[in-house]
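The task is simple: from the sequences and hints, build the whole structure.
Okay, here's what each chain looks like letter by letter:
2 protein chains.
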Amino acid sequence: MLKFSYISHLYCPKCGNTFGTSEQHQVCTCGSPLLVTYDLEKMKKNVAPGEWGTRELTLWRYHELLPVEEEINVVSLGEGMTPLIPLRKLGNDMSIGSLYMKDEALIPTGTFKARGAAVGVSKAKEVGVKELVMPTNGNAGAAWALYAARAGIIATIVMPTDAPKINRNEIALSGANLYLVNGLISDAGKIVGKAVKDYNLYDASTLKEPYRIEGKKTMGLEIAEQLNWNMPDVILYPTGGGVGLIGIYKALNELKELGWVKGKLPRLVAVQSTGCAPIVEAWEEGKHESVFWKNSETVAFGINVPKALGDFLVLDAIYNTDGCAIAIDDESMLKEQEKVANMEGCFICPEGAATFAAIRSLRESGWVGQDETVVALNTGAGIKYPDIIEVSPGMLGKEDSINKLEPVYKGD
Amino acid sequence: MLKFSYISHLYCPKCGNTFGTSEQHQVCTCGSPLLVTYDLEKMKKNVAPGEWGTRELTLWRYHELLPVEEEINVVSLGEGMTPLIPLRKLGNDMSIGSLYMKDEALIPTGTFKARGAAVGVSKAKEVGVKELVMPTNGNAGAAWALYAARAGIIATIVMPTDAPKINRNEIALSGANLYLVNGLISDAGKIVGKAVKDYNLYDASTLKEPYRIEGKKTMGLEIAEQLNWNMPDVILYPTGGGVGLIGIYKALNELKELGWVKGKLPRLVAVQSTGCAPIVEAWEEGKHESVFWKNSETVAFGINVPKALGDFLVLDAIYNTDGCAIAIDDESMLKEQEKVANMEGCFICPEGAATFAAIRSLRESGWVGQDETVVALNTGAGIKYPDIIEVSPGMLGKEDSINKLEPVYKGD
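Quick note, the sequences are listed as chains A and B, same order.
Residue numbering for the first sequence follows the UniProt record's numbering, beginning at 1 and increasing consecutively.
Residue numbering for the second sequence follows the UniProt record's numbering, beginning at 1 and increasing consecutively.
It should be emphasised that the hints constitute simulated quantities derived from the structure, not laboratory data.
Glycine is no exception: its CB is placed at the ideal position from the N, C-alpha and C atoms.
Don't take every hint at face value.
Looking from chain B toward chain A, a few residues come up when the C-beta cut is under 7 Å (computed) [claimed, not checked]:
| # | residue |
| --- | --- |
| 1 | Cys30 |
| 2 | Met81 |
| 3 | Leu106 |
| 4 | Pro160 |
| 5 | Ser174 |
| 6 | Gly193 |
| 7 | Ile383 |
| 8 | Val391 |
| 9 | Met395 |
What follows is the structure, given as structure tokens:
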């Protein structure tokens, strides 16, 4: 009989310990995040990549490489198969022949966090979780709260007071318990850690459950499928916790092991903000772990993560693919955000804009070649960040006319 | 040779006049909107519905039934093929066996306006438009500005000052000329009308160009394809200008003529706000045109349209399918918005919420039966309306704990 999932077991990338997949697990006994292994040998015999192309237009088309074992546990809002948009004008502007944007704005909740939440919540449901708790900078909490609502799981979300207000709406409307803490996400994390112990709750914090990575992994599967199972040369990812980058790396390795893609893996690039660049610092020093970044600050709230639990996995992915890490300042991000809207009609988030600023810089330095195929992740919709743009429209009374000789606002 | 489009000509549904499709057209000489006709007899011989299923995951998979004649003119950001999400819990709550939501949040710019803009801008490009102008309540202007940017067309957008602020960001960032008018959309329309004459610009106002309907039509094509070419019993649509409803009706009729769907067309329901219900009023009085609704007001900005140019087409679609028109008050809308988030994990827009409140009411009255298949259009993402939700989260200091005995916010 064909299996819905070829999941085999969980393993610890630090100490090698293994665990089963039918019970609830958080991190390894050694403190490291756990990763999922699949029985790729068996899968290879039963599934062909062409099959995937004929299935439903969600990330669940890849169910054999996802951890949910019974289809009935899938909690879906139609997430995945976001477009891979060719950006010819911006590519010309940067002297790159093949520039693509994977647009994660076109997904439930408007950010790629929906992928981790869809798969994470589905698997949580499968292993019997009734109540989960997590800290968030906003978008992840919103995604988990909404998917938990659909799954019938009670969610408690703790968020800094200065996280985006729009996320409060999403969380509160889902019926989750919403708490604001007058502090940073690390303070929210401490409160969550205490609640996990006090009430024996499922901890859905980044990388403290093993399945969010599997959801994010589907970005890599989709990029490969959308490029007809050819690898691009470079993939750039705005890196806070780095789960997406870890996931993309994992996906491409699994596809290679299945024999569905050939050749060299793309060079993976972690893009950070100059206001919070622990991975860049570690990479520049050739280290395999990062150091907590003090007084971090950036308009790109999603990559304001001073120390990621999976930093060593991110750095491994960069080193193993001859990739790099690069930091972008807020001004360059916002300039690039406008350029992408102006040239290509895409209103992207500042984190996504950082990846384009990074490409521009890496092209100028020659690290990215003119003939390379480059894929940038836009991790969310620009409309989720209403406050970072200043607009100076022309003001008219009811009886006024447009005077075309007037200088008009051109977005600068 | 296979044709990219089977477009034949434009015709006037009021006076019967016809026009070609290679030049720029606005409304008919009699003032009525123009509609597009296709050579369905010829198309039937060359295309099978199964072909569509294997194509790219955008609305352009239906290119034979779209007006763009050369593929090179297609301006796309990956729009279309939004999910048709089964809502089992909400269906149970209303005693409806098969309830679906067509989720137009998962599309560029976060609302269904992207469909009209993608097709409208593409065709504008094809007929040589260099500069367009339009009034907007917000979301349509944002979509047209961004697609125009991608197409290299200059856009000038006039919007009421009290339209949503998020739309200003989208328009300004696209590089469009943005004007705010201290008045209503009808005042913006007057300023646009004058600019069209003064500077000989292309008027992209609702139904003043013939191609926006064709973009909106794809919602109907997708619903049919996603239900395996079976018709639902009822489709509900939040109705302001009504272009989507006109388009869905047109699409289903074209599919019927092609022989790709069989049986009775679904009953089409126009959902309005009690604060602006000209179509409902006309339908209740059995009339074929609506009367300007004075002092209109509703939180659902997208359906605040006091008099639609295509009102007679909307009413025709309702009468011809044994549909109906129904008005929902703001309070019921907001209550339903919360219910959908709470039960199904979807943060929908107030216009979308109105359709669910309408289903609830029509089910209670018996107009919708328990065993019917019902499709509601959610026309946009809830995140585009940040100001209509009040949130009362729990407040914590850094050293506080979550006290599970405390009453926690449940979204009411």
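**Request:** Could you tell me which of the hints above the structure violates, numbers in ascending order?
**Result:** 1, 4, 6
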